[in-house]
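Q: Sequence:
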Amino acid sequence: MSQTTAQETMASRERVAEASRSNVREAKGTSTPIVVAENIHKTFRSGEIEVYALRGLDLTIGTGEM
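Note that the numbering used here numbers the sequence shown so that position 16 is 274, with each residue one more than the last.
No incorrect hints appear here.
Here are the computed distance ranges between Cβ atoms for each label pair: (1) Arg271 x Arg313: 31 to 37 Å; (2) Thr290 x Leu312: 20 to 26 Å; (3) Glu296 x Glu266: 39 to 45 Å; (4) Pro291 x Thr263: 36 to 42 Å; (5) Ile292 x Arg313: 20 to 26 Å; (6) Ala275 x Leu315: 22 to 28 Å.
Think of the hints as simulated: they come from the structure by calculation, not from any bench. A virtual CB, placed ideally from N, CA and C, is assigned to each residue, including glycine.
Working from the sequences, and respecting the hints, build out all of it.
A: Take a look at the structure:
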């Protein structure tokens, strides 16, 4: 891919990402959450080894955020 094409592709992706973020910001202010999960914990175990992947994670997803 040529440098110009790569730059155009990156610029296009950034415009799409910014539009998506803008929609999320608008949705956050006007909607109630569609998913709420609180105090999520996840531990992976292998024999005597424990890996704590999540400790007390809170997650809220509003309309338009997915």
